[in-house]
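Undergrad: The lines below spell out each chain.
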Amino acid sequence: MVTTGVGNAAAGAAAPETRRVVIKTTALTKVFPGRDGAALTAVDALDLEVGEGEIFGLLGPNGAGKTTTVGMLTTRVVPTSGGATVAGVDVVAEPSLAKQAIGMVSQSNNLDRALTVRENLYYHGRYFGMGPRRSREAADELLERFRLADRAGADVGTLSGGMAQRLMVARSIMHRPRVLFLDEPTAGLDPQSRLALWEILGELHDLGQTILLTTHYMEEADQLSDRVAVMDHGRLLALDTPEALKRSVAADTVVRVSADGDPALLARHFEGFDGAEVVRMVDDTTVAVEVRGSKGVLPRIVEHAEAGGFTLSDLSLTEPSLETVFINLTGKDLRE
Amino acid sequence: MSDVTVPMTDGGSRPLVELSQARPSGRAGLVAFGALTLRDLAVLRKSLTTFVIRTIMQPLLFVFVFTYVFPKVGQAVGGSGGAADFSSLLVPGVVAIACIFQGIQAVALPLVQEFGYTREIEDRVMAPLPVWAVAAQKIVSGAVQGILAAAVVFPLAILIPSSKVSLHVDWPLLLTVTPLSAVLGASLGLTIGTRAEPRQVPLVFSVIILPITFLGATYYPWARLSSIPWLKWTVLVNPLVYMSEAFRASLTPTFPHMPLVAIYAGLVGFTVALLWLGTNGFRRRVLS
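For the protein sequence lines, the chains are A and B, in the order given.
For the first sequence, position 275 (counting from the first letter as 1) is numbered 275 according to the numbering used here, and the numbering increases by one without interruption.
For the second sequence, position 285 (counting from the first letter as 1) is numbered 285 according to the numbering used here, and the numbering increases by one without interruption.
Treat the hints with caution; some may be incorrect.
[As the list claims (entries may be wrong)] Pairs of lysine to aspartate or glutamate, EDC-like flavour, derived with a Cα cap of 16 Å:
hint	chain 1	residue 1	chain 2	residue 2
1	B	Lys46	A	Asp155
2	A	Lys24	A	Glu94
3	B	Lys46	A	Asp112
4	A	Lys295	A	Glu319
[Stated by the list, open to error] Per label pair, the in silico range of CB-to-CB distance:
hint	chain 1	residue 1	chain 2	residue 2	range
5	A	Trp198	B	Thr50	38 to 46 Å
6	A	Ala27	B	Thr234	52 to 60 Å
7	B	Leu287	A	Gly261	54 to 62 Å
Since the hints were derived computationally from the structure, they do not count as laboratory data.
Ideal Cβ placement from N, Cα and C applies to all residues, glycine included.
This is chain A alone, in the form it adopts within the complex (with noise of 0.2 Å):
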């Protein structure tokens, strides 16, 4: 995908085990003044540490912090206490230097309008110092690569969200950063263009491209993250591979149960049901009910129903996914 120097001899050669830190955060701390003299904590003593190479998600509800992580990591706020170093760069002491390793995608389209699709791509580049013949070509080769070229003079208002979105991040990489950040960057796409962005950052990574995604839908970090970081009031919850924190939950299935009357019943109904790790309400007809070992559960499940009285409307079973840790970490959904 990405333009040049990329070799794959190296791959697979080095230990799995020790990868160089690019991204390092210690004691990461910010606080906002509030409003009325209540200070808000948005970042609370954060420790990452993410490795060469690596997607690494980080995921949590509106206002757990992510966006503020972001923010710190790359030097537009200015952390309360703490530190964080970026390919290891000081953010803090040295915002200027780490900013040319820095490559950044944020939530709103922020694309200069006064020039055109190319233009955008092009003065990115000279602003990270590439020479105009270097920054023209690169600029023509990533509009091909993200199936822009058709609209390489057009003003970057006309652009549909998902265009504006693939020039971003076309943008974003433009200048080869070591690190690209990437701040909900799906947010309000059209599930064909997300799907495209996933494509492109699959491509990337298998490029090496270590990225730093922050979002807070649960299938976007479990698709394309190495590891996840689960947050939320500022604090890290959980950190692993999506694979091992969904083994984290006791239970292996989620079984759905919709019924008429009071949810709040049948939910205390289905705790005595065997194998129940964790019951809770999803909605007003819907109760959510995690088992341990799956076997046979379905008839279990109508036949417990109907011997509490419950007329069963519908029924479903899934896997644990991402969303079933943050509710057992959180005890409330991430869409909250």
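Based on these hints, arrange chain B on the given structure of chain A.
TA: Below, chain B alone, put in the same frame as chain A:
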């Protein structure tokens, strides 16, 4: 950078896309500064027609009505001095207005938008230079446009009047006060741009820009305000007064003007103060 163990799901160290070699900050910053300026000039080139129109319209009409139409229709202008006098008197004023107005337009208006709903500023702030340098670059671009505006308006003020304009150009003076005035105008633009919200822009025009232009010693020499002492001393808080007087001293020294010391002190003083206010405002808007 140290080698530290990081648990990974899939083994194998992948080659990087490219290890961009970090360049010394100072040099990278200078290059970025230049590239940002190139970008601004490219945008200016694209909108050259708009630039010229918005720069010349106000002075064009002003000079046309007051120094061409008025004398032709026999309307009295310019007090006791007469039409010829007034034509010459007006030259430094309109040049100063063009210069300050362009500084504000070129810096404040885009900034209000970039800080506001488009957040375009984020990309420029991520360029490898200090935040204050991004602000300084805005001022350089704005000042260049201010000088261009002054240069565009200057011939109009000489060619349009029905009577002959008499100038006595003091080059050393002109060549120092012009860049100073342009930087002052751009700094004022930075200060306004970092402190005004998009919805306040119309208010900024009526509360700041109109009083500045009308009470900026542009259509009359400051010294002649002696008959209205309270106004004479009040307008000293208006930076345009020093710009108008500076251009008056360098283009039409036969008219009364402030002492040069006061002119330079005013220009430098306001520039430093507005630079400080603007750069600080910029930092506050960009960093949290």
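Undergrad: The structure should be examined with respect to each hint, and the outcome stated for every one.
TA: Hints, one by one, checked against the model:
In summary, the hint linking Lys46 (chain B) to Asp155 (chain A) is supported, as the alpha carbons are separated by about 12 Å, within the 16 Å threshold. For the hint linking Lys24 (chain A) to Glu94 (chain A), the alpha-carbon distance of about 15 Å falls within 16 Å, and the restraint holds. Restraint check: the Cα-Cα separation between Lys46 (chain B) and Asp112 (chain A) comes to about 14 Å, which is no more than 16 Å; the hinted pair holds. Straight-line distance between C-alpha atoms of Lys295 (chain A) and Glu319 (chain A) comes to about 13 Å, which keeps the hinted pair within the 16 Å bound.
Taking the beta carbon of each, Trp198 (chain A) and Thr50 (chain B) are about 41 Å apart, inside 38 to 46 Å as hinted. As the Cβ distance of Ala27 (chain A) to Thr234 (chain B) is approximately 54 Å, the hint placing it in 52 to 60 Å holds. Checked against the hint of 54 to 62 Å, the C-beta distance between Leu287 (chain B) and Gly261 (chain A) comes to roughly 55 Å, which is consistent with it.
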